[in-house]
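Chains as they are written, first to last, in our numbering: chain A, 1 to 377; chain B, 1001 to 1377; chain C, 2001 to 2402; chain D, 3001 to 3402.
I should point out that these hints are in silico values taken from the structure, not numbers from a laboratory. None of these values were measured; they are calculated from a predicted model. Among the hints, a few may not be true.
[Said to hold, decoys possible] Taking lysine-lysine and the DSBU-like style, the derived pairs with C-alpha atoms no more than 30 Å apart in a straight line are:
no.	chain 1	residue 1	chain 2	residue 2
1	A	Lys261	C	Lys2401
2	D	Lys3274	C	Lys2280
3	D	Lys3288	D	Lys3274
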Amino acid sequence: MAKANNVITFSDEQAMVLQSARDFCADKSPVTAVRALLPGNTGYSDDVWQEMVALGWLGIALPEQYGGSGLGFGSVVPLAESMGRGLLSTPFFSTTLAAQAILRAGESQQKDTWLPRLAEGTTATLALLDNEDWGAPDTTCTATVAGSEITLQGTKWYVPDAAVAQLFVVHASLDGESALVLVERAQLADSALQSQTLIDETKRACKVDFSGVSVSADAVMRGPLAASALRDIHLLGALLVAAEAAGSAAACLDVVVDYLKTRKQFGRLIGSYQGLKHPTVEILTAMDSARCHVYHAASVIGDEALSEDAEVACRMSKAQATDAITFAGDRAIQFHGGMGFTYECDAQLYMRRAQWVQQQFGDAYHHRKRLAALLLD
Amino acid sequence: MAKANNVITFSDEQAMVLQSARDFCADKSPVTAVRALLPGNTGYSDDVWQEMVALGWLGIALPEQYGGSGLGFGSVVPLAESMGRGLLSTPFFSTTLAAQAILRAGESQQKDTWLPRLAEGTTATLALLDNEDWGAPDTTCTATVAGSEITLQGTKWYVPDAAVAQLFVVHASLDGESALVLVERAQLADSALQSQTLIDETKRACKVDFSGVSVSADAVMRGPLAASALRDIHLLGALLVAAEAAGSAAACLDVVVDYLKTRKQFGRLIGSYQGLKHPTVEILTAMDSARCHVYHAASVIGDEALSEDAEVACRMSKAQATDAITFAGDRAIQFHGGMGFTYECDAQLYMRRAQWVQQQFGDAYHHRKRLAALLLD
Amino acid sequence: MSEVSEQELGEFRAEVSAWMKDNKPADPGFLLPQTFMEVGSEQVLEFLREWQHKIWSAGYLGMAWPKEYGGQAVAPIYQRIADQEMKRHAVPICFNVIGLSWTGPLINDIGTEAEKQKYLKGILNAEDVWCQGFSEPDHGSDLGNAQCRAVRDGDDYVVNGTKIWTTMGNYAKYMILLARTSTQGARKYDGLSFFLAPMDVAGIDPRPIQKMTGEYGFCETFFTDARIPADCIMGEEGQGWRIAMQTLQYERGAEAGAAGGLMVVRTVMEDLIKDLRGLKRDGEPLLKDPLVRDRLVQLLMEEKAISLGERRQAHSALNTDYPFSLALSGKLRSSEFAREMRQYAVALQGAQGSLYVGDDDAISGGFWQRAYFNNFATTIGGGTSQVQANIIGERVLGLPKD
Amino acid sequence: MSEVSEQELGEFRAEVSAWMKDNKPADPGFLLPQTFMEVGSEQVLEFLREWQHKIWSAGYLGMAWPKEYGGQAVAPIYQRIADQEMKRHAVPICFNVIGLSWTGPLINDIGTEAEKQKYLKGILNAEDVWCQGFSEPDHGSDLGNAQCRAVRDGDDYVVNGTKIWTTMGNYAKYMILLARTSTQGARKYDGLSFFLAPMDVAGIDPRPIQKMTGEYGFCETFFTDARIPADCIMGEEGQGWRIAMQTLQYERGAEAGAAGGLMVVRTVMEDLIKDLRGLKRDGEPLLKDPLVRDRLVQLLMEEKAISLGERRQAHSALNTDYPFSLALSGKLRSSEFAREMRQYAVALQGAQGSLYVGDDDAISGGFWQRAYFNNFATTIGGGTSQVQANIIGERVLGLPKD
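Working from the sequences, and respecting the hints, build out all of it.
Next up, the structure:
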């Protein structure tokens, strides 16, 4: 049994970050802007991206020596929540997580080379999955040493923002152990990237074939640090998705509430019916729970390898946020009646977001299964 | 995958049995009569029992050669549903199941000896459990052969109606295989029976210590027939509890509906609130499902060893009926508000029935686990 | 019609089965619709038109309808067998549903000889696509309150207003239209009339609505001084409500007068389980996971309970408490079951569940994702699940009205 | 009061902890109540009276109250620490809750000197049991509509009417009574007055109500021409509603003015998991079963979320969307969580779950069975969960009223 270490700490500095992030996302990502980006190739506005870089958000979790502001990873959480609220998708999450991988697993030279560039807005991403299974015990992607070169073999699926990433952090098996290999975009043929059609139209991903790509030895991170970083990245990724989802669930709730307050049927505002009112309260409480877990997780994560408490917090965040948004998205469609069934109605944006959220970094059950081992054994 | 063999057959004869059972239970077991029996030792009226015997109900599933009416076990189901509806508890289920055990596992001599007596109202019961686990892979109760005698060792828990049973069919391990041993009440010291306090106050059970009881070899049923009968008894028991529970759930629904139609709060009949109306509809549909499964099971059970279709049907019946009545009982208390919290309110009778039902012959999950093996592998 | 022997029926079933096996179309390379509400492109329309024509030509559609209007005048049981075989062979749907299941039987029942001659055969052979103009944007669940106006002017009615959820409105040749010919009358229902309206007159503008799936299928149809010939009215002025209600009764299949044909692609647990068989969770087969198994069993139980409910309705002795319970709860239960099942079907796919229709790697082409999204048409359309629960609470259980 | 150092507090905590360890009563051989609403026998009452007296004598109850009335006039943080240690050591409850948490703080705040002298110490040392007379049989959730009449007659008020859910009414020396002294007035609230009423006058008949658990604890209290001295009124005639509402504010612990003490036996997942550890399912440890594990984790998550909600309320920046959401949903969430958890606790016990309080083999003496049943007091009392959901929907989300 984990001890009930139920802290939520939130500094004035974090409150300022949160407020400015909310304002920024509300300003830059109204739903009209979100919809305008849906058909595009990259799915985001480079102008907005550059503004985010200028605000220092890409370095917020990086130490000052790498051009970051050293506020710690917990400070990314309010950003993620705000982006989720505004359905603002950019390579922020991919790049932030790739930077964490390098920060946690890299040699000094790797960190010196890459972290300042990532803090300045060079885009990066993680290539983790070989198939649909987030719980797969190992990777089928291999890295083979030949002289001073290391050659990759294998295809990664669902690589987020791959089409615009300048750097790929690739999980591969090297001599039977997990390694993280740094591959630059220039090392990949255009044909190596195959765009995928995602259920959440604000998101982008590719299948990427790394077969035959060779890198020098200093592009590899391996050993216990890499294994530990790989575990942490999965947890931090789950937390960011959870924070983003909590924001999206809150926005979805607003959309539902607005409709229930204005739509009449049979002569009454439909929000007065308990059949709609009570489930809407359930959306609220599920979303509240998700945010509680997320803020708690943000409070117990440090720069070092994640503690067991932090692992519990990240997993609970993802499990709860998944349940909250899948319920919210589903009810949002239903409660909009015929309108909810149209592409024009914003409910579908959250519904699709929900379907995407639940699959990222493992679904709710994936995390609960691991929580059981942490809490019951 | 089981084929979708979704039959429900129901003969005119069965319809007559159902109607007369409903009338009988409504007449003999109004809630005042139920409550009057709660504090008693046996929990039932011997007069009513004798009337049931006179109606031939104890022989309804027994072949005519044993004094039964040969209608088959399926015809017990409408009786069980009616008894559940009236919360009419008697040793009917125990005796009926004990008779099935002998019918399915017994030698001719055992059947000739016992079945006519059971059809005439001699009470009997099954002693199955050694502990709380309905899924236990074997029994710790042993039967040891010494000369022409067989001696039992072990205590059985939760033996229904044990205080009044004249015959016990005891599941014991004999030479490493399952056997059913017939023990008469006279062979037990009074001190061997220890009354248990059940959550459903209409029910009665004892812990029974069979240690040291010796019976002659002709009181033992063993071999493949006994093993098959033991399996069938567990399934038939589950089905009877399910049928009884479906009836209790229907009665519980009536109690809820009556209250929602007459109680006012804040100037409105409370049944007009969707917050109560919609869950009450869920009670209805859950109860309807349970009854559908139960009637289907009654339609596919024969006198021979149960088919896989019959096994699926019995397990679905118990799983569904458990869910229906636990939900109905819980909501019945809640929807009665303060009144529901009193012993005087009938809601508690169903609530307690629900808690008892879910544990008999394995809970819902116990059966779903076994259904998975039947349906998915 | 005389009694049909079991043997004849068995032979007929074998014949249909063989035909379906031989004639089931090859995968056209695009995802076919699960219901007629998803016919959103010319390509799909033409494919399905050809298929329906083929089935009709083979004699497996409208079998119980009179011969002179394209039918075969045989007992409805034949059509039911043909429908079962279409389902079993998982062939494409017969898409002209408003014609086959609603308009056709209505005209057969109460239409004039002229109407029968004019419309019935075109419904069966798929030449004339029909759409429905009942719902309006501002009062979706409140049909009696329809506001679309039809004002008599010489030999025409001049129609102004808007209808919504007009499936295939943009492809249809005719519409069954419920419009208000009078604002007088004691009850709002009394001013409604029913038209068999041509869609090719000036002033009718069906605009396709994009669905949440990204696809098309429905229209919002605008009427601006559209002149519908007066002889397109069915029955008399003011009988519209009664005729509309009658129309809604035919859906239940050939026994109720519908032409038959497969209306909905089957979406059953058996197929879902097949689709999941290759997937893994934690490196092990997904179908070996205890939680997944438990949930699938719960869904199988509910699927079976719904199916058993239909059988149980045949025994009145088993339905004495709440005699209309099973009949009135069927729509709520089957649509909500489908929602849960389809939602879970997506959830179970792991990362593959984040792919969508159009991605080559999506399981069954994204069938389950689209099935989940489209299922809201059934939990919303024809009275939302919330309204259905009210109906059951009030009409079956006798609870007080809202 | 001056600032208290962390060190002082730490030392105090160690001291209380040691005292609780040394003085925690041995198992009395009967099941102790989980809340004061379950004090249903003299035996239990006397046991708890002695225990509360002992805690007070040791200086761990009413610590923030003035010294002259039995308190110690220290900072409320001391009491909070004492309460935490009582919980941690799982000692019996301080049963005189209506006195400790409601009446006492009320008298401290707005009582006269005479009232303070007369009542406060007896509340703390458990000599004077208090009960509450607010609810009435016919309008449980609608307090402002109270109909129990109190008519001035000389030096008395003559009281007629019925109160219900008067916990320990049959053992109480005093009742806080909300009664109607006037049927005039613009609002129904304006005719209510608040009394500190003696229970030993003629015409007051508290009849124990048997609960669904089979136990006692509540009464229905009948007033028949009961003469309550006029000086028992609190404040002025007509101020009853305001004072009753003020009374309901104190429950939240020592910081809000309550005397403190453990009010409820802790019923937490950690204890449940301990109780389940010996059980088996299919011959294997129950806690190794994947479904059981998954559900327990869900409950642990919800338990933690509720607890985290209290922490989150301290950061206003984290509560900007719906500022009152966490505060107003607390009762609904914790009571419904407890219901689910306790119901599951019984379900998990296998055949043992069919045993009940009084059976030696029942797990923890039937603790979870009784806990589940008694939990309905929290999902019904103080506004049912359905009413709570309305309050949240309307006051937090701004949805229209019913």
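Which of the numbered hints above does this structure break? 2
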